Amino acid sequence: MNSAMSFVHLHVNSCFSNHYGTAWPEELVAAQSDAAAAALTDRDGVYGAIRHIRACQQHRLAPIVGADLLMADMSSLTVLAHGHDHGYGWASLSRLVSAAHRVAGQTRRRGSNWRLAALSFERVKQLLTGGEAIGVDLLLGPDSDVGRAVLSGDYQGALDRWRDWQRLLPDHVHLEIVNHYARPGLAGSVEHAAGLLALAVDQGASMVLTNAVRYRQPADVVTGDLLDAAGALLPLGDFDAQGNAEAWLKPAGQMRQVAADVVAAASLSPSVVDQLFDQTAALADRCLIDPDGDLGWCQPKVPEMAIIGLSGADPQAVLRQRCWSALPQRMPTPTKTAKAQIISRLDNELSVIEGFGFASYFLVVADIVDTIRQMGIRAQARGSGAGSLVNYLLGVSSVDPLEHDLLFERFLGEQRSTLPDIDVDVESARRHEIYRAITKRYGLNRVTLLSMHNQYRARGAVRDVGLALGLSAEMIDDVAKSLWRLDADQIAEALERRPELRDLAARVRHQPQLRLLLSMSARLDRLPRHLSMHPCGVLLSDQNLLSLTATQPSGLGIPMSQFDKDDIDYLGLLKLDVLGVRMQSAIAFTIDEIERHSGQRVDASQLPDDDPATFAAIASGQTLGMFQIESPGQRELVGKMRPDCMADLVADISLFRPGPMKGNMITPYVEAKLGFSSTAILHPRFRSFLADSHGVVIYHEHVLRILADCMAISLAEADELRRRLGGSTMGEIETDFRRRASQRRDQQGQRLFTDSQIDKIWSVLQEFGSFGFCKAHAAAFAATTYQSAWLKTHHPVEFMAGLLEHDPGMYPKRLLVAEAKRLGIAVWGIDANRSGDHWRVETQGDQRGIRLPFTQLKGIAQAEVQRLIAGQPYESIADLLARARPHRPTMRHLAALGAFDQLAPRANRAGIIAQVRLLTARQQLARQPQQEALLGLDGQTLIEIGAGGGGAVAEVVASAEAPTDVLAAELDLLGIDVSQHVLDPWRERLNEWGVTPADQLLKLRNNSSVLVAGMRVASQTPPTKSGKRVVFLSLDDGSGVVDCAFFDEGQRRIGPELFRAPLLAVHGHTRRTGERGISITADLAWDFTQQSMPTLDD
Amino acid sequence: MYEWVVMDVGELIPVWLKDGLPDRLEWRSRHWLVSRRPMPWIDRMPWWVTAAVDGEVHLGEQAMWRVQAIDPSSGDVVLMDLAVEEPGWCRVTAVIE
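Protein chains in written order, with our numbering: chain A, 1 to 1098; chain B, 1 to 97.
These are calculated hints, taken from the structure and not from any lab test.
Predicted model only: the values in this text are computed from it and were never measured.
Do not take every clue at face value.
[Unchecked claim] Residues from chain B that face chain A, not an exhaustive set, calculated with beta carbons under 10 angstroms:
#1 Val53
#2 Val57
#3 Gln62
#4 Ala63
Heads up, the beta-carbon is just placed ideally off N, CA and C, and yes, glycines get one too.
Based on the provided sequences and hints, a complete structural model is requested.
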């Protein structure tokens, strides 16, 4: 490296140093493209390391990776990993970083931006010495213990600390000279740097120059200030902000000046500048990471076979044997042709898998799925993995890929060299159990969880920037609340366009503070904010996992890797998405409840897949609670399409996505399906594989087959092309496609595809772009959709209880209760003697209904619930109070909700509430005997309260709630209107206005003027064909759900209430969407509790 | 580290340079000779103060010198921060004892 011409920044923090760094690793690397190497040294982690290495590869720079670690004495240490040592240095760095997160005892906090301070000198000594090498170099800079001693003028202290480090790691510690031109007397001043430099020269210590970079360019200092304020939880001006904007990636020339000023201040010879540059370059050379040699870049690392009991076995032989022996059971009675097809498919899959050396990977995945199933937990592979016959035979997937015409090549082509993704949906409620079981089986040295960085979006950015700018809490809150699901850099555009933000937009024009708030918030857009556990990722590798990834605690007792999902392929780690799906839990719950009541166990995977009642229920559009088809748009689509077989469900799920919607694929499908238009198949040769979609190209699998047939290429090659569709190489693909298709000939030498056919096929492919959907994925989803629909149709009580228990969908629980009632299922409130800690199916006489659990009560403690259940049955309220000892508010809430009604059958609700108030007040009044005597409670008797009943008693009664307030109590304490519908108190007014109930809408003609009302249950802005925003509000009025679409004009008229008011009346026109479907195109909406009906002027 | 003494500062004073560094200056009608190597440093305006008024962010960095000077006639020593304003002129921003 020519040190005179170039300079390597060895100390660089990216935005992965949360609340500190301001730039992404990629931006930082791009800005250093004329250097020889680029380093990344984030705080307490290597979160950005893989992105950094990838960026370095792209810019042909050598990567350097390290970390800034906080020591227990709050000094800091910068660690750089050695490279080209078969990963030894990387492993040392990983271990140090992991250790920095392992804290015994207390942690210290500094504002919200607190960092763990776990490492001591002794711990560093333990971790780095005693091995065959050290593996890392350490930088002792201005914030190190040595640097701090220099700053405070304690030269002897600095010398002692330096000698300690030097003795510990001879030749591996360097004094780091940082000159930020800070105010003299502060860290980072010329004076401070000169002091450290003098020490280095005096002691003959190695010294390196860095700029302790935290932003790419000076202007980014503002972002740094905002992050500092967010970290300190203080407004700017209330803490010591950065002194200037010097901590940026200065080019080599400026770094020479930086060094020269320090050297001059230390009264040293100018040649020391060259020494600094030389030693910095020499250290950089020692720390260049070799991704292949050090990390096994992209090389799969799979657990050793011994772990799954196959020590010494040949994984390929085992895989073959397991697949063949599963054939008779998984595919019992194939026809002769089918048999030949199965055999050739299996052979092909196995040879591709063997070609990649992935056999052990498949065995591990199968082993994990087996482990999950042995725990009695529902597991269902999803994604392209369901396209593999091997996965089906191993039991990983439960969808027969031949039956659904799913392609293996979509999952694992010939080009792929990284491990394919296999995702498994499991019961969400038991997800953590699974993580623990996997960890137990494979060992803590082979398993970690995956992490992810939560990023700033509009709301969080506004809150943190508002705090930084010292704005009032009300102002911040007001703005933050109105920014709904926005990225921070979309705020300006949203203000201009969205009617519900027009009040805010007007204020922004007149208030500079607000303007500043919003423009500053955009600076934080998408910056990582804090690390959390990925919702489903589990990482596995061989026993060297912890040498490859630094970890930190996840809160589950299993460490999580500092790397995220995008890093995993490059490290060659095996990632299994074990995704907790609430619907899987709801289905498991439903099946248990059915068994509890009927003694019969339903096997959801063995249901007949052509049940007419189930399909009739789906086609009715009353699909609330059915997996994937309950959203307003889906209810409309299934009502229109009227699916009557599994293939339709698979298509439905695939069509309801942004791509197919924009590509207008829905209408042709529905029309062909319903026989309105004859199926114009794209080309006769495609008839066989387009039959499953009535001739419409929907699936990735279709595109693969079309490309393969037209171009005479393999399906694997076709998948590579498909991935590039819609990209920058579209022109090349088209040329190639046209040339090859026109060359295709049949046996007579006739062209297979005419020019006009090629035009037509290409236009479909082009439109399809990279959209469309993987059929394997949809087929796996559809299986669950069907199961949920079947259960809702045949076991509605148990199924609705399951939904209420696990809350799998998009709607609030109160709507599920309304739906249950609509189905004629009784829903009973909390009862002291009957409720438990789960929603339960209950039989009363010949009526079966659903009982609310104690746990639904807001604010009730788990311990209270357990005591309440343990003490059942209770004879009286006093008995319950004495034995279950709920807290006073819990007692009062239970009383208000009627949970004690059965314990005092002769009393009315108001009386019971009064009694409970007395009982609970009694504990307070215990020291007042005259009051106690007055009560004379036996728990069953309602107290007679006379005229002179005493001050405390009168007060209690005066505040007792009237029975008419029961609904309010239910909404407040349960979030569910159990005893009556939330609209009931308003019915009279609504009837006067002529509001049409949801279940009467189908009687209206298309485009009738109509008034509807209800409680908001969903607000959505789905993708549309035109790209214009349409807001869908779904309202529930007790008779059903009505979906109202607000287009531009409608949005403008409703304004800020659009996303705010819970109870709405909507005026509009009916729009028939099919035989069973109707929705409202809204032109006016208002909060009917606040405002009487506005005059309709048009 | 230093005791800050609040004095009436802010005046613009003539400063003579030698090899690019402050060498002599005139302050409060006295001539001062720089007696230690001046330390360069960089200060900045707190952008959030002005931004609160007009909603705009103005970034301004200011080149500074920390200077120790002696009045040879009296032997008085002064330590001061000088903001470089225009050639030959600096503004005294702090005087430190």
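Right, here's what the structure says about each hint:
1. At its closest, the beta carbon of B/Val53 sits 7 angstroms from a beta carbon of chain A; the interface hint therefore holds under the 10 angstroms criterion.
2. Interface hint status for B/Val57: upheld, as the beta-carbon distance to the closest one in chain A is roughly 6 angstroms, under 10 angstroms.
3. Proximity of B/Gln62 to chain A holds as hinted, the smallest CB-CB distance being about 8 angstroms (cut-off 10 angstroms).
4. Because the closest C-beta pair between B/Ala63 and chain A is about 9 angstroms apart, less than 10 angstroms, the hint holds.
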